[in-house]
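Engineer: Given the coordinates of chain C, work out where chains V and E should sit on it, guided by the hints.
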Amino acid sequence: MASTAEPILEVNGLVKHYPLTRGVLSKKQIGAVKAVDGVDFTLDRGETLGIVGESGCGKSTVAKLLVNLEKPTAGEIRYKGEDIGKLSGRALKAVRRNIQMVFQDPYTSLNPRMTVGDIIAEPYDIHPEVAPKGDRRRRVRELLDVVGLNPEYINRYPHQFSGGQRQRIGIARGLALRPEIIVADEPVSALDVSVQAQVINLMAGLQDEFDLSYIFIAHDLSIVRHISDRVGVMYLGRIVEIGRDAEIYDHPTHPYTQALLSAVPVPDPTAREHRERIILVGDVPSPTNIPSGCRFRTRCWKARERCALEVPALAVPAEFRFLAGPESHDSACHFAEEKQVVPEALE
Amino acid sequence: MLLEVRDLRVEFRTRDGVAKAVNGVDYGVDAGETLAVLGESGSGKSVTAQAVMGILDIPPGRITGGEILFRGQDLLTLKEEERRRIRGAEMAMIFQDALSSLNPVLSVGDQLGEMFVVHRGMSRKDARAKAVELMDRVRIPAAAERVRQYPHQFSGGMRQRIMIAMALALEPALIIADEPTTALDVTVQAQVMELLAELQREYRMGLVLITHDLGVVADVADRIVVMYAGRIVESAPVHDIYKAPAHPYTRGLLDSVPRLDQKGQELYAIKGLPPNLMNIPSGCPFHPRCPMAQDVCRTDVPPLYEVTHAGESDGGRGSACHFWRECLHGLDR
Amino acid sequence: MPEPIPQEPHTAGGGRTPEDGAIAATGMGGAMDLATSEGETLEGPPAAGPGPSATPRSLWSDAWHDLRRNPVFIISGLVIVFLVVISVWPSLIASGNPLACDLAKAQEGSQPGHPFGFDGQGCDVYTRTVHGARTSVTVGVCATLGVSVLGSVLGGLAGFFGGTPDSFLSRITDIFFAIPVVLGGLVLLSVVTSNTVWPVIGFMVLLGWPQISRIARGSVITAKQNDYVQAARALGASHSRILLRHITPNAVAPVIVVATIALGTYIALEATLSYLGVGLRPPTVSWGIDISAASAYIRNAPHMLLWPAGALALTVLAFIMLGDAVRDALDPKLR
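Residue numbers (this note's numbering), protein chains in the order written: chain C, 1 to 347; chain V, 1001 to 1333; chain E, 2001 to 2335.
Extracted from the complex, chain C is given alone in its bound form (with noise of 0.2 angstroms):
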């Protein structure tokens, strides 16, 4: 799906720090939480790009920035050439229209007090241009038909629904204004496994009959590679290695990628004897005070005197550079080589 065209998504050098103040009037900062700190990537239309990471590695905060919930302290998001964080108010409304999210809790992502319709048609009210008031009510049945829910529930309430209905209302507010991109925030983790598959797949073919292009982010590599063409790994605000989804599952190069996959349980007792498991020692550093170099040392076994003084530049590695292959693909390490982490499929 690579193609040569312009991205329809392109963020440039994304910092986001959130200045820790003390004082009740007069506010000292005295430091900053570093919750994204220099993040690149770009979305090809109809692409899914898969965000995988940690609690506190600055997913959630990308997801934000993305939709215009946080403004950012450095960096660009480009949308089809444009920097969003230069525009306001009707041009940014307008970019807004075409870039919608969906939450990850459905329990707090939709107003109590508000039906399924009110809360699907919302989009329209502050967007009236998309849909003339008249057809407003036949547009959020058809969105509650699209995502598999019974258009007759159009008056109940969110508390009426189970946590994948309310999944689904969520995906169905976030199609009302027929966006481009969707960023979708851990949509799955809160639901159960067996509510989690019906909810990806629905996912998957909203987005070859609305053309979408989605940003996936998510805790669960499993998930993620199912829904992925290309996986972004973030660590403590950065993303440390990014490719297409068998380039980072089947030929990862990064140590913490490698460490990451490893983790993950596979539902198969045979793997159990056979399987290299790579135990990271420690916990991640805060993101207050993010260790120099590389930020991974701390926890790396291949940590040398060079990661504390370099900081790996997300590129191709010098050793790979010049190969066709798998392995040939972005990776934030200075001594990055291929690891086979993930057992072949036995089949």
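It should be emphasised that the hints constitute simulated quantities derived from the structure, not laboratory data.
Incorrect hints may appear among the rest.
[To be verified] As a list, the in silico DMTMM-like pairs of lysine to aspartate or glutamate whose alpha-carbon atoms are at most 20 angstroms apart: (1) K28/C with D2166/E; (2) K2224/E with E70/C; (3) K339/C with D1110/V; (4) K1243/V with E152/C; (5) K1271/V with D145/C; (6) K71/C with D2227/E; (7) K1243/V with E1306/V.
What you are looking at is a predicted structure, and each value in this text was computed from that prediction instead of being measured.
Structural biologist: Coordinates of chains V and E only, in the frame set by chain C:
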């Protein structure tokens, strides 16, 4: 058998009616064995564990039938005081949310030491020394210094280790771990699971691992029971169940999980929703969602059939499906 | 050491079903999935299922459903309706003039036509007690309205926008909380010469708004953190839309509850101030004035004190009970 649950039934009375959370559950764990109880929310897996531990909220909960045999003694006939003596010393529980399970105003050393003061009558000083030893055992670095710290000063993974230390304190024969790693990140989850498995081997404890994660189960369990709507739908040694599930619900669960090692096409999705416990479907509770359902499934509750291979018993496998043969051999596909 | 079992965090519809508590803690596995009352499947047409939540229900209709069955609410509600009716039309049950007094009958006890007897000025206690309700209800309702409007607007805006104005407002409310109410009333109202209820109401609003402001600020901040507010913001919704449509309906319940309870205390405060001589003054008819006047004769003619004091106690109790019932009904955790 170390622990044997027989035909346990638990109900909850609520404003809207009676919810039948557990409807005749049987399972057993031996010393040194890991039994995984697999199920989605509302399957009754945690309620069963709470009944075993004797920490069920009564009311609204009510145990309406069955026995819980611990070393052959029915716990349900014991007085509360006798049960309290067993709890902690003989069986312990690990919870999902370590932060809310630890008292925020007491140092972890005090909380660990309290076990020894209360159950073993140790002095504060000895108890503190024991606490440090335990923290070492669960591999918390710099235990001697950190013993004075408070729960919020530890990371999620470290807190879960403290919970494990607390459960292990009196060297119980049985540990019930209710989603012990669900709240943790994968890399930390792997550390904690490995620790738990290792300690279990070392102490030859029985471990009941309650989880919804098919991956975690595959990694550590010896046997699995799968629960649905308060019943056990399948019970089998771990290898068999992943190779060839004998219940359509188990098969559906296995098929609906995306795999790390392959990019699948469309995921299999079990249709519909888990049942309302106030109004459990007639016959087999899974029939409204089952692709194999026949008329008999709507009328007759399936017993836990013994799964056999060519007439031979298959290592104590059971399936609560009228059509387990067809499911096991994939004849319906 | 039995740890607390994590409780079901989402309470609504059929979600009161106990479930695997541990999962609910992180929201892994929707607790609601087991509790949908409709036995429907997602793909198929909805199965007919007249479950308990087949008709649309909101928090408000749930609350009303609870209230109608709550005897505390019914009793206090009836008392309040009765009070409101007689304060609007006192002549419905008391035809006399509360200011028509006959000194010759001073302190006389109960007699035909005058069931509560006469006070020290020879006025009919029954008529005065009935007419006193108007003052009490006016003061209570007006003070509550004023306090609620001022407090919730200031507190709500401060909570919504945060930042320096919020810190500033919080310090101001702290200052107001430091003023002792009765002492403040003695000082401030002693310089007022007006003979109407308005200075008293004004004083109550002045000292009462910080209480509501705090509640409103807190509940707005809680509501603001919900994802549905983020969702609206991501859609590009304006501040006013977010405040009016998403935050206010979800933040207003605690304010209503506190205001209802406060209403009773304002009525008592009016009586207190009048008793101390800085509230209302004759010829205004008020329970506080009557209690104050009767207190001198408590040994000889206790009936003069009993009736207005009893009416006051009953009224305050009714409003506090109503507030309690409303709080219970609006708190989904209690269901």
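Engineer: None of the hints should be skipped; say for each whether it holds.
Structural biologist: Now for the hints, and whether the structure bears them out:
no., hint, result
1, K28/C with D2166/E, "holds (17 angstroms)"
2, K2224/E with E70/C, "holds (15 angstroms)"
3, K339/C with D1110/V, "violated (45 angstroms)"
4, K1243/V with E152/C, "violated (42 angstroms)"
5, K1271/V with D145/C, "holds (16 angstroms)"
6, K71/C with D2227/E, "holds (18 angstroms)"
7, K1243/V with E1306/V, "holds (17 angstroms)"
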